[in-house]
Amino acid sequence: MPELMQFVFSGLTVGAVYALVALGFTLIYNASDVVNFAQGEFVMLGGMITVFLGLAGLWLPLAAMLAIILTVFVGLALYKLAIEPARGAAAVTLIIITIGASIFLRGIAQIVFDKRFHALPHWFGQQPLKFGGASILPQSLVVLAGALVIVVLLYGFFERTLFGKAVLATAANRLAARLVGINTDVVVGFSFAVSAAIGAIAGLLVAPITLTSYDVGTLLALKGFAAAMLGGMGNPVGAVVGGLVVGLLESLAAGLISSKYKDAIGFIVILFVLFAMPNGLLGKTKVERV
Amino acid sequence: MQRFLSHRLTVVVVLALIVALLPLVFPSAYYYRVAGQVFVFGLAAIGLNLLMGYAGQVSLGHAGFMGIGAYAAAIGPAQTGTPVWFWVVAGSALSGLIAWVVGRPILKLRGHYLAVATLGFGILLFMVFTNESRWTGGPDGMPVQRLELFGWRVRTGIEWYWVSGVLLVLGAWVAGNLVDSPTGRAMRAIHDSEVASRSAGIDVARQKLTAFVISAVYASVAGASFALMNGHLTPDVSSFLRSVELVTMVVVGGMGSIFGSLVGSAVLVVLPQALTVFHDYEHAILGLMIMLFMIFLREGIVPSLARRFGRRSA
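Chains A and B are the protein sequences, given in the same order. Under this note's numbering, the first residue of the first sequence is numbered 1, with each subsequent residue one higher. Under this note's numbering, the first residue of the second sequence is numbered 1001, with each subsequent residue one higher.
Read the hints as simulated data drawn from the structure, not as lab findings. Remember, predicted model here, so these are calculated numbers, not experimental data. Even for Gly, the Cβ is constructed at its ideal location relative to N, Cα and C. Check before you lean on any hint, since a few could be wrong.
Derived list of chain B stretches under chain A, where covered just means 3 residues or more per stretch with a C-beta under 8 Å from a C-beta of chain A [as the list claims (entries may be wrong)]: (1) 1243 to 1253; (2) 1276 to 1283.
Take a look, some chain B residues computed to stay more than 10 Å from chain A by CB distance [claimed, not checked]: (3) 1023; (4) 1024; (5) 1137; (6) 1150; (7) 1201; (8) 1209; (9) 1236; (10) 1288.
Make the full structure from the sequences, and use the hints.
See below:
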């Protein structure tokens, strides 16, 4: 039983990161219909920029703040320079653009930073806490708390603020949103900025546990995408649930069956879920109009 | 003139001429090797184009089928001692069968759901090739026996240039015929409107599946050629990046243009070769080029050029 608890804890920790990546996917997808495969690179940038600013002698909390701000600028640049000029292109074209952007960012990262693995110091030390026979790193709690705070803030933003409503309106129907006077360009740019920030925060929160390097983004983006689809594309709650489910299953499968196919679990699950529920766990059935 | 240019035989003749005449301008054997790779990936891209450009379905896992073909050609002869060509055929049959089995549930999905399902399928295969090191040699890869055809051992880059060139022309010829057949017309109808084609009596699910199976066989033959050509095989042949490259080849060259698939393959194979000069900047430049191509030539090179010169190309 303690073993099981152990797997659950580690699964929830990675799951929280997947959930944040999936949430970033969902935000951008809702606002612009773009599936942003460079989402994983935001996570990488958050970790790597913090590491290197820290190495340059900057106070770490300040380095983390700067890392988030810089990543937001990268997100905005991605939107302004790559997505906006391609407006109206086919979905597959836009997907390839974001994959190109992800290759580009990775290429830049390996030049600006290096190709080695880096760790950040744990926030509250590495002494594991005992919990029901299982041990849990304080940093895992930081990751989970961080993810929770982000989800709550986003919820509040969408429910309580006028601009949040504008984002929801844009997601629901872009043309109608424009007709009632919402500046949808600002909304889409904003979504890229928020997604970048969420990715960067996830990256710097989890870097003490999983380490970071220039190429951590690829697999994260794929799993985040799988998680977002698992929950039902465009559904923020689904994204969070999907992320946690993928993380939990990975950890349980690695612990109980074999770690060889750990990275495949998410994809196996999503294949079976999609066969049974073609619109994801929480997705709505879409009626196609002709 | 217009009619002549879009005729399916024209494409085949032009391709055959390109394959036959290109060596006249090759200064060294290295160029044969690169061109051979262009042909092999061009073949895979033509197959994927049938699925994407004609039937309108995306696959982000097609390198998985390249992997099946490649590993069949590598493992089969090594384990059983039977001829290599037999395993190229067997691998293609296996790819087609697997495509038929997975294709039925997968192709029911739409848009991004289809993308993630094919992506997951490709990654699964990649992990099998990486993890089952008893058979595949794991991440370090395995040696591949040489192809032998009627007592001729195909070994050098120059010999492979001709073999892959013939395969490419054959592949283009079959694809051209297919596109002009009732199946091809049905596929294009599905691309334009699934509902309309269903009401016109087209079995949409079956046509999509046909395109998927055919494209898997193309990828499998290409994968086997790739392995046999290099004499060494690593799981990279079926990586996610390879799948992305294949999709990019189709889109960069032009969806629905058979000739475009070869152009797309040429761009994506030659570009990294040319970029090795820049060492560390290779990935950054490659990513940048992919973005620029997609932003400024979003219809693909061949259709964009064809429009500029006021003609419709095949």
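Violating hint indices (sorted, rising): Hint 10 is the one this structure does not satisfy, whereas the remaining hints hold.
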